[in-house]
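Here is how the chains run, residue by residue.
Number of protein chains: 2
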Amino acid sequence: MKISFATLKNEFKRVLLKLSFTDEKAELCADIFAANSLDGVYSHGLNRFPFFVDYVKEKLIDIHAEPELIEKNGLTEIWDGHLGPGMYNATKAMDRAIGLAKSNGIGCVAMRNTNHWMRGGTYGWQAADAGCIGICFTNTTANMPPWGGKEPRLGNNPIVIAIPRDKGHIVLDMAMSQFSYGKLQENEINKKELSVSGGYDEDGNLTNNPSAIIQSRRALPIGFWKGSGLSFILDVLLTAVTGGQSTAQISSNMKESGVSQFFLSFHQDNFHHQLIEEIIQYTKSSAPAESGGRISYPGENTLATRHINELNGISVNTAIWSEVLKM
Amino acid sequence: MKISFATLKNEFKRVLLKLSFTDEKAELCADIFAANSLDGVYSHGLNRFPFFVDYVKEKLIDIHAEPELIEKNGLTEIWDGHLGPGMYNATKAMDRAIGLAKSNGIGCVAMRNTNHWMRGGTYGWQAADAGCIGICFTNTTANMPPWGGKEPRLGNNPIVIAIPRDKGHIVLDMAMSQFSYGKLQENEINKKELSVSGGYDEDGNLTNNPSAIIQSRRALPIGFWKGSGLSFILDVLLTAVTGGQSTAQISSNMKESGVSQFFLSFHQDNFHHQLIEEIIQYTKSSAPAESGGRISYPGENTLATRHINELNGISVNTAIWSEVLKM
Chain A
78 MKISFATLKN EFKRVLLKLS FTDEKAELCA DIFAANSLDG VYSHGLNRFP
128 FFVDYVKEKL IDIHAEPELI EKNGLTEIWD GHLGPGMYNA TKAMDRAIGL
178 AKSNGIGCVA MRNTNHWMRG GTYGWQAADA GCIGICFTNT TANMPPWGGK
228 EPRLGNNPIV IAIPRDKGHI VLDMAMSQFS YGKLQENEIN KKELSVSGGY
278 DEDGNLTNNP SAIIQSRRAL PIGFWKGSGL SFILDVLLTA VTGGQSTAQI
328 SSNMKESGVS QFFLSFHQDN FHHQLIEEII QYTKSSAPAE SGGRISYPGE
378 NTLATRHINE LNGISVNTAI WSEVLKM
Chain B
78 MKISFATLKN EFKRVLLKLS FTDEKAELCA DIFAANSLDG VYSHGLNRFP
128 FFVDYVKEKL IDIHAEPELI EKNGLTEIWD GHLGPGMYNA TKAMDRAIGL
178 AKSNGIGCVA MRNTNHWMRG GTYGWQAADA GCIGICFTNT TANMPPWGGK
228 EPRLGNNPIV IAIPRDKGHI VLDMAMSQFS YGKLQENEIN KKELSVSGGY
278 DEDGNLTNNP SAIIQSRRAL PIGFWKGSGL SFILDVLLTA VTGGQSTAQI
328 SSNMKESGVS QFFLSFHQDN FHHQLIEEII QYTKSSAPAE SGGRISYPGE
378 NTLATRHINE LNGISVNTAI WSEVLKM
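Chains A and B are the protein sequences, given in the same order.
Heads up: the first sequence at position 27 corresponds to 104 in the numbering used here, and the numbers run straight through without jumps.
Heads up: the second sequence at position 120 corresponds to 197 in the numbering used here, and the numbers run straight through without jumps.
With the rest of the complex left out, here is chain A (with noise of 0.2 Å):
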C-alpha cells in the first residue's frame, strides 16, 4: 500500500494534535517522521510512530517543554532538553549551531535531557540544506556489550556528517554497530541471514544468525574493537561536556529517555564544489567488487529513494497505517 508524504504527515499531525501538541511542534514532528518514511527510512518514520506516542502518553516526552539554554562555554552552549520530544529539541539544537556558524564560522550546541531523534540524519539534511556542514551524535541506552565484554554496556551511539552539495547532500548516518535490533528482527521475521557477521552466539562465536545475536544480546561494534571504543568515547565525551546522563545512567531505566546529543556546524563561503566532485568522480572510478555493481557515496540512495517515494508514493506497513488512522 501506497501513500502520499501529504497523506501521512497530515495523518501524524492530527494524532500530534489530538495529544495537545502546539501546532508548531506538531507541524515539526508530523514533518520528520513523514520525511523519515519518505527517505526510505521506515523504521523511524511511520513504523516508529506508535512508539512515539506511547512515550507522550507515559509522560517519558514532555510536549510542553521547550529547550533552554543554560551554561556557554565561549561559543559552547549547553542546553537542556527538559525531556521535550527528540526531535523538536533536535531541530532546535542543529538550528541554533547554524546560525552560529553563520555568524562565527563555527557553531556548537550540546544537549542534555532530551529525547530519541527518530534518524539523526533528519539534523544532517537540516544543516547542509542550510548552506553548512553538520556533525551530530547522540548516546543511548546500552545495546551493544564493550569489546571483551559480552553484556551489553555500550549505547549504538549514531554519528551524522552532512556536507552541502548542490547535486545532492553527501548526507553518513550510522549507528555504531553492524546492525540494528530493528535490522535483526526484520532478517529473523524473514528468515534471512545478514550479509556479514551482525555478532556473537552464545557460544562466543561470530554468526550471520540475526536470531543467534538476539539470543546472545552480544551485537557486534564496527570493526569490532574501533566501533567499540568510538561508541565508548562519544559517550565520554557528550556527558563531560553537558553534564547529562550517559549510556550508563541512561541504560538504569527500562525505557531510554533523557539522553545526551551534540551538534557542530561549519559555515564558510566556499566549501570546494570543484574539488568535492573530484572525489566523488574518483572514488567512483574503482573497478566494482562484482560485475554491474555501483559505489554509491553516502546520501545518495536515501536521496534517490526520496525522489522515488515522492513519484509513487511512500510503501506503508498496512497494520501500523491503519493502528495510526485510528489513533
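By construction, these hints were calculated from the structure, which means they are not laboratory data.
It is possible that part of the hints are untrue.
Which copy is meant is left open, because identical chains are indistinguishable; a pair holds if it fits in one copy or across any two.
Said to hold, decoys possible - Distance condition first, Cα-Cα at most 30 Å in a straight line; then the derived DSSO-like pairs of lysine-lysine:
#	residue 1	residue 2
1	LYS179	LYS149
2	LYS169	LYS179
3	LYS403	LYS179
4	LYS149	LYS244
5	LYS332	LYS361
6	LYS260	LYS361
7	LYS269	LYS179
8	LYS260	LYS227
9	LYS79	LYS269
10	LYS244	LYS227
11	LYS244	LYS179
12	LYS403	LYS79
13	LYS332	LYS136
14	LYS79	LYS134
15	LYS244	LYS169
16	LYS227	LYS269
17	LYS244	LYS79
Predicted model, so just to flag it, every value in this text is computed and none were measured.
Position chain B relative to chain A; hints supplied.
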C-alpha cells in the same frame, strides 16, 4: 634490545640536526618519534624514522617551512602547512586549536599541504595534557577500496578523539581500515592469521590471511559499508574546508605528501569528571567475553605500556636501531 627514551630521542635529534633541522624542530620531531616508541607504537616511532629521513632527503618534506594562517572563517582558521614536517605542523595546529578553545570554548584549525603526522594519537594526548578535549583527523593516500569496489580509492584516514582525565586521559586513535598494511605485513612475516577478517582475497572472499589481502589490495574498512562511508566523508570534509588535496589527488603521486588535516578542541572549566569515572566503571562491569579477560578504555593500554617502557626501556628493532646510529 632495550633503549631508554632519552637515548632514543637524543639519537633522533642528532640525526635531524645533521639534516639541518632547526633546534626547535629537531627537538619536537625527535621527542614525538621517541614518545611513539615509548607508548608502544613502534610502527610510527623508531621503525618509521628511516622513512622520514628519506622523505627529508628527497625534499618531499620541507624542513624550513613554517605553517601559515591563510584564511579565517570566523573562529575557524585555515592554515597552509607548506609541506613542512607533519609532526611539527600538527603540533602547532593543535596548539593553536587549544589556544582558541581556551579563549572561546571551541577552537578549530584546518590545515592543507601538510605531511604525515606519524601517530595521530600524539595530538590527542597533547590536547588532553592541556586540559582540553581534542579531535583530529587526516586524509591519506588511497589504501582501501570503497564499499562495492575492489580497487583502492579511500584513505584509511585516522581519527583521534581525546578526553582529559586525571587518572589517565581517554584517547581513541583509529584508522578506518580494520588493519593497517603495517599490521598485515607484520602478520605475514610472522606467518600469523589475523584475529578477524581483514579484507578480501582475489576471489572476493573474506579472509584472515594477511598475504591474500596484500595481494588483492582489498583491505577491509571497519564495519564494511560504514567505515567506507566514514573514510569518504572525512576526506570530503577536509577538502571542503581546506581546499587542499583530497585522497584522489594525494594518490596521484607515488609517495604520500601534501595531506589535509583537521584539529578541533573544546575547553570548559568542568568536564564532569565524576560522570566519566561512572562510565568507565559501568563499561568494565560487563562479564568478560573470555574467562579472565578484561575490558579496557581507549588509551588505557597505551599508558600502561608507557609506564612499563619508562621503567624497563623501550624494545627496539636492532637492525633499524643500528641504521639510525650510523646516520
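Hint check:
Taking the shortest alpha-carbon separations for LYS179 and LYS149, both the intra-copy value of 18 Å and the inter-copy value of 13 Å come in at or below 30 Å. In this homomeric assembly, LYS169 and LYS179 come within 30 Å of each other (Cα to Cα) both inside a single copy, at 15 Å, and across copies, at 26 Å. Neither within a single protomer nor between protomers do LYS403 and LYS179 lie at most 30 Å apart by alpha-carbon distance, with minima of 44 Å and 55 Å respectively. Taking the shortest alpha-carbon separations for LYS149 and LYS244, only the inter-copy value of 27 Å comes in at or below 30 Å, while the best intra-copy value is 37 Å.
With identical chains, the CA atoms of LYS332 and LYS361 are at most 30 Å apart between copies only, with a shortest distance of 22 Å across copies and 42 Å within one. Within a single copy, LYS260 and LYS361 get their C-alpha atoms as close as 27 Å, and across copies as close as 27 Å, so both meet the 30 Å cut-off. Taking the closest pair of Cα atoms, LYS269 and LYS179 never come within 30 Å of each other, the shortest separation being 47 Å inside a single copy and 52 Å across copies. Taking identical chains as interchangeable, the C-alpha atoms of LYS260 and LYS227 lie at most 30 Å apart whether they share a chain (20 Å) or sit on different chains (26 Å).
Proximity of LYS79 to LYS269 under the C-alpha cut-off of 30 Å is restricted to the intra-copy arrangement: shortest distance 25 Å within a copy versus 54 Å between copies. For the identical chains of this complex, LYS244 and LYS227 are inter-copy neighbours only, at 26 Å across copies versus 44 Å inside a copy, given an alpha-carbon limit of 30 Å. For the homomeric pair LYS244 and LYS179, the shortest alpha-carbon distance inside one copy (22 Å) is at most 30 Å, but the shortest distance between copies (38 Å) is not. With identical chains, the CA atoms of LYS403 and LYS79 are at most 30 Å apart within one copy only, with a shortest distance of 18 Å there and 75 Å across copies.
Taking identical chains as interchangeable, the C-alpha atoms of LYS332 and LYS136 lie at most 30 Å apart only when both belong to the same chain, with a minimum of 12 Å there against 59 Å between chains. For a Cα distance limit of 30 Å, the shortest separation of LYS79 from LYS134 inside one copy, 28 Å, qualifies, whereas the shortest one across copies, 66 Å, does not. In this homomeric assembly, LYS244 and LYS169 come within 30 Å of each other (Cα to Cα) only inside a single copy, at 26 Å, whereas the closest approach across copies is 36 Å. Taking CA atoms no more than 30 Å apart as the test, LYS227 paired with LYS269 passes in both settings, with 24 Å inside one copy and 26 Å between copies.
Proximity of LYS244 and LYS79 under a CA criterion of 30 Å is satisfied intra-copy only: 27 Å inside one chain copy versus 57 Å between copies.
Hints 3 and 7, counting from the list given before, are not met by this structure.
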